[in-house]
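Undergrad: Top to bottom, those sequences are chains A and B. Numbers in the numbering used here are just positions in the first sequence, counted from 1, shifted up by 133. Numbers in the numbering used here are just positions in the second sequence, counted from 1, shifted up by 33.
A couple of the hints might just be wrong.
Claimed, not checked - Which bits of chain A does chain B cover? Going by a derived footprint, with three or more residues having C-beta under 8 Å, they are: (1) 185–192; (2) 215–225; (3) 236–248; (4) 279–286.
Claimed, not checked - Incomplete in silico selection of chain B near chain A, CB under 7 Å: (5) Lys-66; (6) Phe-147; (7) Pro-151.
Calculated directly from the structure, the hints in this document are not laboratory data. By construction, the Cβ of each residue, glycine as well, lies at the ideal position given by its N, Cα and C atoms.
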Amino acid sequence: MRMDLIQPFIGSLDAVLAEMMNAPARIVDLTMEPEGYRRKGMAASVVFRGQIEGRVILDMDPGAAAQVASYLTGGDVNPTEPMVPETVCELANMVIGNAVTLLNDRGFQFKVFPPEILTQEQCEAAGQACEATILCFETTRGNVHLNISMQYHARRSRERSSVTVS
Amino acid sequence: MKQFEALTRKTDHQAVRYLVVDDSVFARKSLAKMIESFGGQVVGEAGDGCTAITEYARTKPDIVLMDITMPQMEGIEAVERIVQDHPEARIVMVSSVGYQDNILAALQKGARHFVQKPVKPDALYEIIRYVLNDDGVTAPVGAGGEKSR
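Here chain A stands alone, though its shape is the one from the complex (with noise of 0.2 Å):
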């Protein structure tokens, strides 16, 4: 996998927890799965279509996204309540859309989907499509991790930007 592509959602997902958890993250980890990949907590997948396609599961304690929740929403918010699926979520969401910005503005067209909930199967079957790229974000509220898988189509490339001359 191209590091280039990978490089702007580690960007991406550490500005957000920055900004959304008020506290910085670091890497600790970084590991390749050929194979079905594990939950750990609470995970979110978003999908993206064109000339790079592919998908991103953020995956949290569901603790850490409560505490996100409770700080961004003012309230109490308990780990089981439905506004952390929620979170989960829109983190997944602003984390995708900030990294595909970037890549956008280095000349990549995509069309990134709504983030949805997966269960542990719909995860593990996620990971069995295509190798993926796992990142571990430690925080003070927990470990955050990005799984990422995708492909980059030269191909596509190549043929958006030929011109044809008559």
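Chain A is fixed; fit chain B onto it per the hints.
TA: For chain B alone, coordinates are given in the frame of chain A:
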């Protein structure tokens, strides 16, 4: 959350009225919290573009905060439909995806401004002041029961 000097309507000095449109309940609650800190009032919420159109007609808000990526009808199409019927509508796009193309499309359809998620309260406050222009004023300290900085 930090409290801002309350923004009020110039005509009647009442709180600025907002319609918040986002498919994420979390995002709506988070924006509502910011609006509260600006001294504003959320008069309606919608989770998709279709509902936003009917809610706009029902509530006639001063400001709409509109997400882009939503089910059923996306934010840019909703902006076009609302502005067709209500050219005076003041709509601020709020999205995590800040493509130049998306921003231009929204502005061309009639949106007044764009802010990228995660939303910083200070940035949103300044944008709302700008979009309200002559129709919005900052209330004096303590006016309308709101705290000042």
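Undergrad: Please go over all the hints and tell whether each is borne out by the structure.
TA: Structure-based check of all given hints:
1. 185–192: Contact hint for the region 185–192 of chain A vs chain B: violated, 0 residues under 8 Å.
2. 215–225: holds (count 6)
3. 236–248: holds (count 5)
4. 279–286: violated (count 0)
5. Lys-66: Holds - the Cβ of Lys-66 of chain B comes within 7 Å of chain A, reaching about 5 Å at its closest.
6. Phe-147: Status violated, d = 11 Å.
7. Pro-151: Where the cut-off is 7 Å and the nearest Cβ of chain A is about 4 Å from Pro-151 of chain B, the hint holds.
Checked against the numbered hints above, the structure violates hints 1, 4, 6; every other hint is satisfied.
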